[in-house]
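Following the hints, position chains B, C, D and E with the ligands against chain A.
Chains as they are written, first to last, in our numbering: chain A, 1 to 284; chain B, 1001 to 1310; chain C, 2001 to 2307; chain D, 3001 to 3257; chain E, 4001 to 4257.
Everything labelled a hint here was simulated from the structure, so no lab data went into it.
Just so you know, these numbers come straight off a predicted model, no measurement behind them.
Possibly wrong hints are sitting among the right ones.
[As the list claims (entries may be wrong)] Label-pair distances were calculated between CB atoms; the ranges are: (1) D:Ser3244 / E:Asp4145: 48 to 58 angstroms; (2) C:Gln2044 / A:Asn271: 51 to 61 angstroms; (3) B:Leu1293 / A:Met272: 52 to 62 angstroms; (4) B:Val1064 / D:Ser3124: 49 to 59 angstroms; (5) A:Ser79 / C:Leu2140: 24 to 34 angstroms; (6) B:Gln1019 / C:Asn2107: 18 to 28 angstroms.
Where a beta carbon is used, it is the ideal one built from N, C-alpha and C, also for glycine.
Spelled out from the first residue to the last, the chains are:
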Amino acid sequence: IPAVRSQGTPTVKIDGSSTVYPITEAVAEEFQKAKQGAMRVTVGISGTGGGFKKFCAGQTDISNASRPIKDSEVQACKSAGINYIELPVAYDAITVVVHPSNPLTSISTAELKKMWEPAAQGKIMKWNQINSSWPDKALKLYGPGADSGTFDYFTEEINGKSQASRTDYTPSEDDNVLVQGVSRDQGALGYFGYAYYENNKGKLKSLAINGVKPSLDTVNNGSYKPLSRPIFIYVSTNALKRPEVKAFVEYYLQNSAQLSKEVGYVPLPSNMQQQAISRLQSQN
Amino acid sequence: MTQKQLQLSKKSKQLTPKQIRNSREKVIEFILFLAAFSSVATTIAILYILIDESVLFFQEVSIVEFLTGTQWTPLFADAQYGILPLLSGTLVTSTVAMFVAIPLGTIAAIYLSEFAHPKLREIVKPWLEVLAAIPTVVYGYFALLVVTPILQSIFPMLPGFNMLSAGLVMGLMIIPFVSSISEDAMRSVPVGLREGSYAMGATRLQTALKVVFPSAISGISAAYILAVSRAVGETMIVTVAAGLQPQLTWNPFDQAATITAYIVQVSLGDIPHGTLEYHTIFAAGLTLVLMTLVLNIIGHFLAKRYREIY
Amino acid sequence: MTDSNLQEIRTELNRRKKVDQLFAIVGFLVILFSILILVGLTLQMAISGIYRITPDFFLSFPSRKPEEAGILSAWVGTTLVMFVTAIISVPLGVASGIYLEEYSRKNWIADLIEINVTNLAGVPSIVYGLLALGLFVYILNLGESILAAGLTLALLILPIVIVTTREALRAIPNSLREAAYALGASKWQMIWDHILPYSFGSILTGVIIGLSRAIGETAPVITIGALTFIAFLPDSPFKGEFPFISLAWLQAPFTVMPIQMFNWVSRPEAEFIANAAAAGTVLILMTLTMNTIAVYLRYWFRRGIKW
Amino acid sequence: MKELITLKPKAEARDLNFYYGSFHAVKNVNLTVPERQVTALIGPSGCGKTTLLRCFNRMHDLYPGNRYEGQIFLDSDNILSREIDPIEVRMRVSMVFQKPNPFPKSIYENVAYGLRVRGEKKRSLIDEKVEQALKEAALWDEVKDRLKDMALNLSGGQQQRLCIARALVANPEMILFDEPTSALDPIATASIEELMSQLKQHVTILIVTHSMQQAARFSDYTAFMYLGEMLEFGTTSKVFSSPSHSQTEDYLRGRIG
Amino acid sequence: MKELITLKPKAEARDLNFYYGSFHAVKNVNLTVPERQVTALIGPSGCGKTTLLRCFNRMHDLYPGNRYEGQIFLDSDNILSREIDPIEVRMRVSMVFQKPNPFPKSIYENVAYGLRVRGEKKRSLIDEKVEQALKEAALWDEVKDRLKDMALNLSGGQQQRLCIARALVANPEMILFDEPTSALDPIATASIEELMSQLKQHVTILIVTHSMQQAARFSDYTAFMYLGEMLEFGTTSKVFSSPSHSQTEDYLRGRIG
Ligand SMILES: Nc1ncnc2c1ncn2[C@@H]1O[C@H](COP(=O)(O)OP(=O)(O)OP(=O)(O)O)[C@@H](O)[C@H]1O
Ligand SMILES: Nc1ncnc2c1ncn2[C@@H]1O[C@H](COP(=O)(O)OP(=O)(O)OP(=O)(O)O)[C@@H](O)[C@H]1O
Ligand SMILES: [Mg+2]
Ligand SMILES: [Mg+2]
Ligand SMILES: O=P([O-])([O-])[O-]
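Just chain A, with the same shape it has in the complex (with noise of 0.2 angstroms):
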């Protein structure tokens, strides 16, 4: 793989979170505008944690993260060698979908509670045994899979601990995938960025959480709780010595907060934006 950067075109490869990949994909598009193929920029998807694995191994050069590095990423960062800087990029929220014929308009999180943990397995298969005013209906589950950073934060969130969840969902890193799955599927709910919602509203049905829809409002104030969380990317600072690692990172920040809302995410506060700017200037 080094090999690839060796020779011919200058890239730049990232990988990592579903959730941030929509601002990423389209800071990676109008970069390799501007700059007419002189640089290239490939974006993959493979989920926080698989990112963040990649990543720590060497193989990328930049990781989208929907939830800070965690103490054994870090670990298995320094054991490789690898040095980086985080960068908060947007804020999101976490929204919770379902079918558009499905009569809820909201939950609370002791009913996701109840839905998503792990001793709901096998035994909560109908909407109807978590609310018993609620349809006789299978209940079918779309969420991320275990590398992803939304799955990290909201089962930490929701079920009280990191990574604690039933498996008797359909999981993808993909959550395009998950948008397909609920909007075709009448019995289904299903969770994951806000920006899918926001591309796909027609086809789905946000519930508000306690009371709250997620919107770009609900964040900004801080009320959409507990589901609304910053966005990351994770930049190595051996990349960064690449011309091209740094004129991407620089050409995103320069960038995310009108991408990000174009995408459907919250763009981050000017102070916080300022700051990520200067922590990339202190790295040279």
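Chains B, C, D and E with the ligands alone, transformed into the frame defined by chain A:
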């Protein structure tokens, strides 16, 4: 005679060319042999890679758990490594496919071999081959975006991913596979048998069902078995349309992951080398290869038999 | 035979003939139905994607904006991967075919190779993907490159090339071999001067059919990691300074047509689905064109020959 | 040909022509097959004997491009006419082929086949008829203990007798034999010839043979074909002793063929 | 056999035996082929004529399981000995087959091939030799204006003459013909026979024929084979007029074969 000898010795330059020629022939044959052996090398490489990585897998997971566990959640914190859910997905989609492909393929084969006018046969066969030439990802598109919505209008509770639709489309894809091998087998039944039946006053259908079909049975079963093997190994249709949740279910109206879909799903986010999830796909792959290998060997054995009989 | 007897025969016969005709209709319908379903599905797809098939579609990179997205990197990638596949599978497959048909004697090695080739043809394509992942990507360290994909697909279609080569060679009458030998040709001269030129057409047909299969293969390329956002072209195979040919493209990251389609199929937005339909239509046209060429070539080469 | 008139004709070809596509294989043939007699068709290889024989049960209808002209009467029905279904003809006129071609089924099922295709389901009736046919074909004693065995395990001569039993089972009015012994050894041949001499007591026999000895040995009438034409027809003794055409004579003396 | 001694022998088989695997096809044959004469091999079908002929250019080496015993001398070289490469033998002894088998290439390339396998590159030399060979094969006038045409477009007789030209082009010492006219019509046959009578002025000819007339018409010597053995050999007139074996006589009178 001496003159001749002289001529011969003048030609004795030939001796050297002769040696050159012979060694060149040897070298060429050896190179060709190496090329032919490359296919054996491929098999060895496949088996080596699969077994080597699976050994690492089985160092952490017991074979008993692998073969009898009813949950497959290798990526989760509470990891379970029972292959049965993936197997059930594979078997259900393949069974649905066979329900389509075997009857339709067999009827098509009987029709083409015993009923159709040769001209019609010439026209139809390339069309059937086209069915088999279409990329499977396109079939996946059909299953997910055309057939599933149609099925959902009949069964409103059918989830967007389901094994039924994937199996049906896969069956459609496999029809030409069944029909062409079966037709081959039926057409290699000697004319004498066919005439023997007609001479008894049998109709075409009676001849086809009572004489030709039983006589070609080993070839036809080879077609069926190879078709099953094909369905078991089919990947894109089930990945796109059957769902990604490994669950032990025999209901085609459910969604479920197959062995192949699991491999694709995991490798989509190209998995980090050397991790346990990296090993799982090789263990799953090994299971798949063993299944198809057994089927293929039985299939070839049967096919060979029908070629030997006639 | 008495008249009543004859009468009995006739009524009985009428019943049987009705069943017979019924089956003839059913059989015809089954075939028609299979083909029509396929044609219907294809048309449905083509219609929903046709408005996307514009010159821009072929000249644009994939994009987050569906209406701007195109298949430039995909078809270029497919072309380059197919090039590598052909370069590897054709010599290897044809050479194996020649060995098996013209050289191998009846011994266990020959049997082993034969059985092996038939079995390889039945190995699911995803397994080739695992081979590629384990061998090419990691052991040989080729990375997620055009070279790795080309090699993988080459191995995948090798059995097809071998089998069609053998059939082509078998179709050449032995009398031509004997004629060449009788003039003092060595074995290789016989093969090179005669057998190969005469079977060229049929071998080419087989190669094209093999490649058309490879073009549509998705699974084995996914495992080596081709499903990423690729909005650029591989390096150019030509360069300004000596030696003017560059092999950097072999190591470039890439995407191919079926992967691009798969990517779009898994997107929920209707506009992306239209792109998937458009890409699928182009893909079908590619494989159909190749198959048609193959059928035509087969016909054309056979026409001139009456051994 | 006077003797014929005293015998009832079972089948009669009148001005029969047959074409394989554009190839004119049977030319203007007139032939009377007397009832309950053995009529032999002889002639050099390729003269059209098989082709003519297969007109009598309309086997040619199985392949596209074949064409008949003229008439063949079976009793009073013109079996070449459009109204008559070839399958009906084949139920009335059965056939035994050159190479024994038993179906890959049991001995019993081979013989029963002729009844089953007719829709016969009654087990006892089938049992009875199978036994009777096997007896008529002189095979019963050899196979009665292994009716469930595969027919393909029989010897060549037994297989051919099985095919004869199969042809007999549904009481055909006439049986066509196309060189039925050419694939058999002399002993098997002898038993089949013997069998045929007995069969003619119930059924009309038309047989193609390339062995003049065979024709001479047991046929009552002989027809000689040459290049698609019927050159000579008469009682076997007459044809063999004083043929009226020089080609017949040449053939019988071994000069052509 | 006295006449032979006066003629120079070109090739000589001594105690030759040949086996197809375990089947003994040529038995203890001794045969002298006189130089610049036409020697015909006759005998009933399956007696081993073709097999014997193909020993003379070691065609049997192409297939596994074949075995020679004994010797064949070409001039003074035993061409069956291990030291001699069969390819070398075939360059000295060329062959014309029963069915014309031109390569699907141009007329010119068909003839030139005999030179090309020998590595000849000089265009002018090849041109010259091709023309000469075509003239010797009496084909030049018919094809000189279309040397680039496909050989398969020629008529059967022309194709066979082309094969003869192909066999002649590299000045072989001997040519083997295996029933070269059996696939041709009488007119083409006549022209090939005429051609062979001329060829013998330059080259030794050994020919298998199943037509006795042909052997009688233009061969100088005739060898009669029977069941793999060589029964009779002598000048053609002698063999035909007063054969010393009864089988030869029977064969010549048409009683066997
Ligand atoms: N299916 C066919 N299509 C075209 N021509 C045919 C076909 N079958 C036979 N013929 C030709 O019809 C002529 C008569 O053939 P037929 O088989 O009836 O001869 P035969 O007298 O039975 O010869 P044999 O004794 O060799 O069986 C022959 O010239 C043969 O080549
Ligand atoms: N490749 C072979 N393998 C085994 N036996 C063979 C082979 N070729 C020929 N024979 C047998 O060898 C014997 C001689 O055959 P050969 O072809 O030399 O006869 P022939 O005299 O040329 O006959 P014909 O006049 O029919 O060509 C025959 O019995 C034949 O069956
Ligand atoms: Mg015949
Ligand atoms: Mg011969
Ligand atoms: O953002 P994730 O893909 O890691 O959930």
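Just tell me: holds or violated, for the beta carbon distance of Ser79 of chain A and Leu2140 of chain C against 24 to 34 angstroms? About 26 angstroms separates the Cβ atoms of Ser79 of chain A and Leu2140 of chain C, which means 24 to 34 angstroms holds.
Measuring from beta carbon to beta carbon, are Leu1293 of chain B and Met272 of chain A in 52 to 62 angstroms? This hint holds: roughly 58 angstroms between Cβ atoms.
Status of the given 48 to 58 angstroms range, CB of Asp4145 of chain E versus CB of Ser3244 of chain D: 57 angstroms, holds
Gln2044 of chain C and Asn271 of chain A, beta-carbon distance inside 51 to 61 angstroms? For Asn271 of chain A against Gln2044 of chain C, whose Cβ atoms are near 53 angstroms apart, the range 51 to 61 angstroms holds.
Is the distance from the Cβ of Gln1019 of chain B to the Cβ of Asn2107 of chain C consistent with 18 to 28 angstroms? 27 angstroms, holds
Could you tell me whether the CB distance from Val1064 of chain B to Ser3124 of chain D stays inside 49 to 59 angstroms? Given range 49 to 59 angstroms: holds, Cβ gap about 57 angstroms.
Checked against the numbered hints given earlier, the structure satisfies every one of them.
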